[in-house]
Amino acid sequence: NAGVTQTPKFQVLKTGQSMTLQCAQDMNHEYMSWYRQDPGMGLRLIHYSVGAGITDQGEVPNGYNVSRSTTEDFPLRLLSAAPSQTSVYFCASNLPGTDNTEAFFGQGTRLTVV
Amino acid sequence: GQNIDQPTEMTATEGAIVQINCTYQTSGFNGLFWYQQHAGEAPTFLSYNVLDGLEEKGRFSSFLSRSKGYSYLLLKELQMKDSASYLCAVRADYQLIWGAGTKLIIKP
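Chains as they are written, first to last, in our numbering: chain C, 41 to 154; chain S, 3 to 110.
FYI, nobody ran anything at the bench for these hints, they're computed from the structure. All C-beta atoms, glycine included, are put in the ideal place defined by N, C-alpha and C. Hints are all accurate, no fakes.
To give an idea of the chain S side of the interface with chain C (calculated C-beta under 10 angstroms), a few residues:
| # | residue |
| --- | --- |
| 1 | Thr10 |
| 2 | Tyr37 |
| 3 | Glu43 |
| 4 | Pro45 |
| 5 | Gln97 |
Derived pair list, reagent style SDA-like, types lysine to any residue, alpha-carbon separation capped at 20 angstroms:
| # | chain 1 | residue 1 | chain 2 | residue 2 |
| --- | --- | --- | --- | --- |
| 6 | S | Lys105 | C | Met81 |
| 7 | S | Lys105 | C | Gly80 |
| 8 | C | Lys49 | S | Ala41 |
| 9 | S | Lys105 | C | Arg84 |
Per the computed footprint, the stretches of chain S lying under chain C, defined by three or more beta-carbons under 8 angstroms from a beta-carbon of chain C, are:
| # | stretch |
| --- | --- |
| 10 | 46 to 53 |
| 11 | 98 to 107 |
Modelling step: build the complete structure from the supplied sequences, incorporating the hints.
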């Protein structure tokens, strides 16, 4: 049972470089999301998707792009990395709705931008 | 606005009981979640409350009062492995609004 697979686990980028964080889930969840976690702050939503072909912005979308071509995959792209994007990133998936639809998280990506 | 408050850090003794509080002010409410997060790891689901009252699950219990915008997580018979951060999150429509988390330190 793979659940949510997120890669890479660690990454160092230079300012201005671009990269893609990969996220895949095998639970057929419609809802997927990307968060960043910074010390002393709660998880903050970057982008989310309620199904293939549908994405929307969260609380802190600037500097990030997403796409959802399949139910399984939800990559996060940093177009031009900045030191302010140094953070731990988590991908999560869950079933939509208002019941007990717990979110399942990937292992996280610790990103440092120098 | 959306706001969730939890204490930043708590300390408790192995074998004891600890209560972690969470207060929230959100534009909508479709349930409250508690997650556990060990250092360097991803959050994992602990409990879910959508109706007022207490939900018990082994050593962990969670309480909700929607009228007061208040929840707590109760951990009994504390073990060293319970040392972690505990995150409170409120579902408002599709989105989860997260508190900053409470770091729980367990001392022998």
